[in-house]
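Chains R and E, in that order, give the protein sequences.
Residue numbers 1148 to 1254, in this note's numbering, belong to the letters of the first sequence in order.
Residue numbers 22 to 595, in this note's numbering, belong to the letters of the second sequence in order.
Treat the hints as calculated values from the structure; they're not laboratory data.
One or more of the hints may lead you astray.
[Claimed, not checked] Pairwise CB distance ranges (calculated):
| id | chain 1 | residue 1 | chain 2 | residue 2 | range |
| --- | --- | --- | --- | --- | --- |
| 1 | E | E62 | R | P1240 | 33 to 41 Å |
| 2 | R | A1246 | E | A318 | 50 to 58 Å |
| 3 | E | D338 | R | P1240 | 48 to 56 Å |
| 4 | E | F278 | R | A1193 | 41 to 49 Å |
| 5 | E | N283 | R | Y1211 | 44 to 52 Å |
[What the hints assert, rightly or not] The calculated EDC-like cross-link candidates involving lysine to aspartate or glutamate, where the alpha carbons are at most 16 Å apart (straight line), are:
| id | chain 1 | residue 1 | chain 2 | residue 2 |
| --- | --- | --- | --- | --- |
| 6 | E | K135 | R | D1214 |
| 7 | E | K253 | E | E300 |
| 8 | E | K135 | E | E62 |
| 9 | E | K348 | E | E300 |
| 10 | R | K1230 | E | E514 |
| 11 | E | K284 | R | D1214 |
| 12 | E | K582 | E | E547 |
| 13 | R | K1244 | R | E1201 |
| 14 | R | K1199 | E | E72 |
| 15 | E | K350 | E | D425 |
| 16 | E | K118 | R | D1166 |
| 17 | E | K579 | E | E537 |
| 18 | R | K1199 | E | E71 |
| 19 | R | K1230 | R | E1190 |
| 20 | E | K118 | R | D1241 |
| 21 | E | K475 | E | E583 |
| 22 | E | K582 | E | E537 |
| 23 | E | K475 | E | D399 |
| 24 | E | K582 | E | E565 |
| 25 | E | K253 | E | D299 |
| 26 | R | K1199 | R | D1219 |
Small disclaimer: the values here were computed from a predicted structure and weren't measured.
Even glycine gets a Cβ: it sits at the ideal position worked out from N, Cα and C.
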Amino acid sequence: MAAHRHPQILVASDLSLGDVVVLGASGWERDVASAKIAYDGAEAAALEAVAKAEAAANRVVDFYLVDVAVADGTPTPLHFREKFRFVGPSVRPDLGKQAARSEGDGR
Amino acid sequence: MTAHDPTLPPRPNAAPIGYAYDEHDRAFVRERVAEFRGQVERRLAGALTEEEFRPFRLMNGLYLQLHAYMLRVAIPYGTLTSRQMRRLAEIADRWDKGYGHFTTRQNLQYNWPKLVDVPDILEALADVDMHAIQTSGNCIRNVTADHFAGVAADEIEDPRATAEFLRQWSSAHAEFSFLPRKFKIAVTGAEHDRAAVKVHDIGLRIVTNDAGEIGYEVIVGGGLGRTPFIGKVLREFLPRADLLAFLEAVLRVYNRFGRRDNKYKARIKILVHETGIDEIRAQVEAEFAAMDRAPFAYDGEEFARVAGFFGTPPYEDLPERSEALEKAKAESAAFAAFAAVNVAPHRQAGYAIVTVSLKPIGGIPGDATSAQMRALADAADTYGFGELRVSHEQNIILPHVKKDDLLALWRDLDAAGLATANAGLVSDIISCPGLDYCALATARSIPIAQAISKRFSDLERQRQIGPLGIKISGCINACGHHHVGAIGILGLEKKGVESYQITLGGDPTLDAAIGELIGPGVSAEEVPDVIENLVELYLAERQEAERFIDTCRRIGHKRFKESARREGEDGSGI
Chain R
1148 MAAHRHPQIL
1158 VASDLSLGDV
1168 VVLGASGWER
1178 DVASAKIAYD
1188 GAEAAALEAV
1198 AKAEAAANRV
1208 VDFYLVDVAV
1218 ADGTPTPLHF
1228 REKFRFVGPS
1238 VRPDLGKQAA
1248 RSEGDGR
Chain E
22 MTAHDPTLPP
32 RPNAAPIGYA
42 YDEHDRAFVR
52 ERVAEFRGQV
62 ERRLAGALTE
72 EEFRPFRLMN
82 GLYLQLHAYM
92 LRVAIPYGTL
102 TSRQMRRLAE
112 IADRWDKGYG
122 HFTTRQNLQY
132 NWPKLVDVPD
142 ILEALADVDM
152 HAIQTSGNCI
162 RNVTADHFAG
172 VAADEIEDPR
182 ATAEFLRQWS
192 SAHAEFSFLP
202 RKFKIAVTGA
212 EHDRAAVKVH
222 DIGLRIVTND
232 AGEIGYEVIV
242 GGGLGRTPFI
252 GKVLREFLPR
262 ADLLAFLEAV
272 LRVYNRFGRR
282 DNKYKARIKI
292 LVHETGIDEI
302 RAQVEAEFAA
312 MDRAPFAYDG
322 EEFARVAGFF
332 GTPPYEDLPE
342 RSEALEKAKA
352 ESAAFAAFAA
362 VNVAPHRQAG
372 YAIVTVSLKP
382 IGGIPGDATS
392 AQMRALADAA
402 DTYGFGELRV
412 SHEQNIILPH
422 VKKDDLLALW
432 RDLDAAGLAT
442 ANAGLVSDII
452 SCPGLDYCAL
462 ATARSIPIAQ
472 AISKRFSDLE
482 RQRQIGPLGI
492 KISGCINACG
502 HHHVGAIGIL
512 GLEKKGVESY
522 QITLGGDPTL
532 DAAIGELIGP
542 GVSAEEVPDV
552 IENLVELYLA
562 ERQEAERFID
572 TCRRIGHKRF
582 KESARREGED
592 GSGI
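Isolated chain E (complex conformation) (with noise of 0.2 Å):
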C-alpha cells in the first residue's frame, strides 16, 4: 500500500502530475495484454512460428538480446507518479534480477524476462497505467518531452499536454502501424531545448507569434544512426488548432513517400535530404490542404482538460530565498556541491528541481536498482508531490523540492547511492547498452563510459572542467547519442577487436550540429587518454565561462585533432 494506491482516499494535497487513465484507456490496454497473452500461448504451442510471432512482440516492446529477451517499456514524455515507480521495482524484484535500465527515449528496459513471464509483466503494469505498446516496430514511438516541463524558469507552455495529445493520437493509429521505419516525435515548451527536439524525426517547439498566440515550430527530418542529420523546419508557426491535422500529413508524405526498399534509407531524415525541404513542405501542405480535417478537429475544452492533468501542485507560499539551504550550503561542502550541479531553477519561488544522477563514479549509465527505485519514490512522495521524470541523458528528476528540503533529500539520497553530484559534468555520461547487452551492438560501451568516469572522478575536478557532454554508442544505430556529444564516441569492430572513433563538437541543442570525426580508431584502453587529451587543451584554451563546446567552436577542430596525439607519435592510431 503506498500514497497513491488508488483504494486509499486522495490526499489533501494530492496534485494533479499526470494524465490519469480512463476506463476506455483502461480497457485498451488490458485487452493488449489478454492479447498478447493468447499469442505467447500461441506460440510457445507452437501455433504460431517465430516468424509470424516477431512482429507481435515487437509490438508490445519485447526483443530477444545477446543474453536473454529484453522489454522496453514507456514512459510518455517522461513522467511517472511514485505508485509507477514502485511498481517497476516491484517487476524488477519479482521478473528481472533486481534493476532496470533507464534510456534515453524516457524508456525503462528490463534485460532479462523470460518470455513466459512477459504477459504477466504487462499485467502488472496494466495495473499502474502503464505499457510497452509502440516502443518498438515501425510505428510511432513513445513520444518524448522536456524533462523540466511544467517547473521550468524558462518555459512558455508545458509540453505535456501537446504530448498527450500526441500520445493518444498515434496509439494504435492504424494507418502509420507499419511506417517504412520507426518515428520518433518530442516536445519542448522551454526555450532552451532539453528533450534534442533537431535531432528526432518530428521536434515540436511551443512558439509564440507576433500575436501572442501559442502555436508549434514544426522541425523535421533530424536523426542519429549510420546517417545524422539536424532537422529543418518544415513550418515556423503551426497554429495549434492545426497540430494533428498536420501532423497526420507529414505521416501520410512519409508513409507513402519513404523508402522500404532499403531499411538503412527509410527514415524520414533520408526522404527529407533526398527530397528536399521544400518539396516536402509542398507535398505536405498539398495533402493538409486536401485532406479531410474534419477527424482531427481541435477540440480547446479537451486541451484544456488534458492540460488540466499537469496543473500546479499545491506549492507553498514561500520566499525564493531558502535561509535553510544557504545555511546548509556553507556547513557542508559536499551538500554545496551538489546544489551547484544538481539542481535547476525552478519557475515558483521557494523550489528548485533535483536532477539525481544515475551516473556514479564507475557506474553503469542509466541503470536504477529497485532499492534506488524505491528511494526514488520514496523520496517524491516526501519532497515533491509523488511525481518524477526520467531525462533523455539517463537521470531522474524529481521536479518539485522546496529549497528549504534540499538537505534533507541529499541526505536521503545519498543513503541509496544516488548523490552524485555529476549532472551535465564529464562523467554524467550518455551510454547506450553495447555489445554488454544489445544484438546489434559490435563493441561494448559501458566499459568505455565507466573508464572515463574513473578517470575524472575527483568531483572538484569535473566543476572545474563544467559542462560537457560526452556520449558513447556501441554501433552506428547510435542509441548513445554519439553524434550530439561535445565529445562522441563510436565503438567498432575493426580487425576482429572492439576499436573505437571519437567526434567532437556534437550538440544536441538549438545550436545542433553533428560531431567531426577527429581521426582514425583507437583501442578502449586508449579512449581515456584521448578523453583527457582533449579536456586538458580546452582547459588551457578556455576564456572567462567558455563551456567546452564553446571552446571547441573558437579555436576549431584542427587543434583538438592535434591536441589527441600523443608524445611519439604521428597521430595514425588516433
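Chain R on its own, in the form it takes in the complex (with noise of 0.2 Å):
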C-alpha cells in the first residue's frame, strides 16, 4: 500500500447531474465539508471500495483520493484544481456550488 502522506477524501461525479459530489459518512455529498476523511491508507482503501461499488452501481463516475488539509475537523483540498471543484468558476461567482452556497447564506 503507498505511503499516505496527507489525509484524503473521496471526489467524484454525480452520474445523471455531473456535478462533484463527496463520499460522506451516509452516502454523497455536495459540500466538501461533509466529507468522510481517511487518515491512512487502510480508511482510504474502504473509501475507494465504496466508491467502486458506487460507480458499479451507476450513481457516480471518475471518483479519485485528493489530499487535504484538516481544520476543526472540516477538510481543504490541498491541491488548487480540486479547491476550484468545490467552489465553481472563480470568473462566474453566480455558477457552481459558490452559487449555491449564496442562495442557501440568503445572498
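Two chains, two separate frames, one set of hints: put the complex together.
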C-alpha cells in the first residue's frame, strides 16, 4: 500500500447531473465539508471500495482520492484544482457550488 | 415564431444562406438522437457501464468536465442562421445556465447540461438542422472555414461549398470513425488566411493554376498542442475533381501509419514529422494511384448545387460610398472607432462585414448570454439576411450589412453589450476555458485574459497599439492557440501554483510561425506587467505602419526578452 502523507477524501461526479460530489458518512454529498476523511491507507482504501461499488451501481463516475488539510474536522483540498471543483468557476461567482451556497446564505 | 420559421412562407427576399438539409440529412440526425437517447437510458438504468458508454457520449459531443458535463455543438464552417442562433439561446435558457461559449473551432459549448437532458437538447438542435456529432472522438471533426467566406473582398471562391462537401464525406465515415487521434480540417478561399490553415491536420487553400482553373493547395501536418508544427505542402495544386479521393488517400495513410501506441504522438503532424513530407507524399500518391476512385468521382452538378446554397443574397444596388456612414462617423467618435476597427471591406459595393466582439473589456472571451444570442439573431434578421458566422477568434460576424445601416446596427449592438470596438486589438484575446471549466487544464486562462483586457481597457490606446493577437491556453493542449499568438500565454502548474509561460512571435496566417518562449514562467499577477513591457518596447521601436509582429521580427526576440525583465530583477522569474 502506498505511503499516505495527507488525509484524503473521495471525490466523484454524479452520473446523471454531472456535478461534483464527495463521499460522506451517509452517502454522496455536495459540500466538501461533509466528506468522510481517511487518515491512513486502510481508511482510504475503504473509501475507494465504497466508491467502486457506487460506480458499479451507476450513481457516480470518475472517482478518485484527494489530499486535504483538516482544520476543526473540516477538510480543505490541498491542490488548487480540487479547491476550484468545490467552489465553481472563479470567473462566475453566480455559477457552481459557490452560487448554491450564496442562495443558501440568503444572499 | 421567427422570420426563419419553416412553417412560414419564405420571405420575398429570402437569401440562400447555408446548406439546407434534405430528408436524408434530417433522418440521419434524428436517428442519431434516438440512438443516443437509448444509450443514455441504458446507462442510467445500469445496462451500460461508463467504460461502455463513454465512446457513445463522446461521439455525440458530450464530455464530463471539471464541474459538470459539457456539450459541444457543431457549427459547420461557422455559418448560422438567425433561427439556429435563437434555438441555441433557447437551449441555454431551458437546459443550461443562460449562456454559451463560442470556441476556436467554430463550435458552441454548453458548460452545465445534465446527462438526463442531453437527448432533449439534441432533439431541439435537430429541429433546426444542428447536431453535436463528431465534435469529439478520434474522427474528422467539425470542418472550419474563413468566417468572411462569400463576402471577403480578397476572395477567390467561397470555401463553404468545399467545406460542405467535406462534411458530407466525413460525417459517419465508417473507415475514419476510429482514427489514431482527432482530425481537424480547415478551408480558406481567400488571399489572406483567416482560417489558420497551416495549423490544422489538413489545411486547404483554394487557388488557381496557370490555366486559370480552380483547385486546392493541400497542407498537411500542422497542429498545436504539446508538439506544435506548421503544416507542410503536400500538393501545390489539386484539381477539384480529385479532392475527395485525395483526402481519402491522406486519411488512409494516416489511419494505417499513425501511431496508436502513444496518444501524445498519434496526430498526423507527428507522422509527417517523423516520416518526412516527401515519404508521406509518396505514400499518399501511391494510395491515390492504386485506390478505387469511383466512389469519390467528382460530380460537377452536385458541387454546383451545393455551392448554390451559399449563393449571393439579394443585395441592393448601392454606391460604394455611404454618405450616411460618413456623416455618422463625423458625429460620433465612438461609432467612428467601431467602424474603423470592427468593420471590414465587402466585395459588394455599399455593404460591409461587421465583427461583433465577444470580448468586452474584462469579459470572458467567447461567452454570450442567451439575451445576446437573441440580439445577434435580431441584428442578423434586421441588417443581414438572417445570417451569422462564428470566427475562430471567438467572435460573431454579421456578413452583409449595408453601410447605410451601420450606425443603427451599432446602436442595437451597444444596447446588448456587444459593441466593443476591439476586433483584432490587444483585448480581442483568444482564450480557452482553462481550469475554470476544463478537466484537462493545469491553470486558469480566463482570469488572465480578463486582467490583460482591463489593463488595456482604454480603447483609444488599443487603437494606437494596433493589431496584436494575444492567445491564452490553460494547458499544453493549446486550445487557446497560444503557440500562434504574437504574444502567447501558456498556463501550467509549477510547484503547486499556477504559472504562465510567455511566448513571442507566433502567427496563425500564411506567414505561420510558432512563438518562442521568452523565459521561465511568471505568476498570474505578473502577466499584465510582462505584456505591458512588451507592448511598450514595441511602441518605442516600431516604424511607420509596423504591426507588433512586424517589429518583433525586425528587432528580434532577444530585445523583447530583455524588455520583459523588470527593473531591479535579473529576469530569473520571467
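Consistency of the hints with the structure:
{"no.": "1", "hint": "E:E62 to R:P1240: 33 to 41 Å", "in the structure": "35 Å, holds"}
{"no.": "2", "hint": "R:A1246 to E:A318: 50 to 58 Å", "in the structure": "56 Å, holds"}
{"no.": "3", "hint": "E:D338 to R:P1240: 48 to 56 Å", "in the structure": "52 Å, holds"}
{"no.": "4", "hint": "E:F278 to R:A1193: 41 to 49 Å", "in the structure": "47 Å, holds"}
{"no.": "5", "hint": "E:N283 to R:Y1211: 44 to 52 Å", "in the structure": "23 Å, violated"}
{"no.": "6", "hint": "E:K135 to R:D1214", "in the structure": "28 Å, violated"}
{"no.": "7", "hint": "E:K253 to E:E300", "in the structure": "12 Å, holds"}
{"no.": "8", "hint": "E:K135 to E:E62", "in the structure": "13 Å, holds"}
{"no.": "9", "hint": "E:K348 to E:E300", "in the structure": "60 Å, violated"}
{"no.": "10", "hint": "R:K1230 to E:E514", "in the structure": "14 Å, holds"}
{"no.": "11", "hint": "E:K284 to R:D1214", "in the structure": "28 Å, violated"}
{"no.": "12", "hint": "E:K582 to E:E547", "in the structure": "15 Å, holds"}
{"no.": "13", "hint": "R:K1244 to R:E1201", "in the structure": "22 Å, violated"}
{"no.": "14", "hint": "R:K1199 to E:E72", "in the structure": "13 Å, holds"}
{"no.": "15", "hint": "E:K350 to E:D425", "in the structure": "11 Å, holds"}
{"no.": "16", "hint": "E:K118 to R:D1166", "in the structure": "14 Å, holds"}
{"no.": "17", "hint": "E:K579 to E:E537", "in the structure": "10 Å, holds"}
{"no.": "18", "hint": "R:K1199 to E:E71", "in the structure": "12 Å, holds"}
{"no.": "19", "hint": "R:K1230 to R:E1190", "in the structure": "22 Å, violated"}
{"no.": "20", "hint": "E:K118 to R:D1241", "in the structure": "10 Å, holds"}
{"no.": "21", "hint": "E:K475 to E:E583", "in the structure": "25 Å, violated"}
{"no.": "22", "hint": "E:K582 to E:E537", "in the structure": "10 Å, holds"}
{"no.": "23", "hint": "E:K475 to E:D399", "in the structure": "29 Å, violated"}
{"no.": "24", "hint": "E:K582 to E:E565", "in the structure": "23 Å, violated"}
{"no.": "25", "hint": "E:K253 to E:D299", "in the structure": "10 Å, holds"}
{"no.": "26", "hint": "R:K1199 to R:D1219", "in the structure": "29 Å, violated"}
The earlier numbered hints that this structure contradicts are 5, 6, 9, 11, 13, 19, 21, 23, 24, 26.
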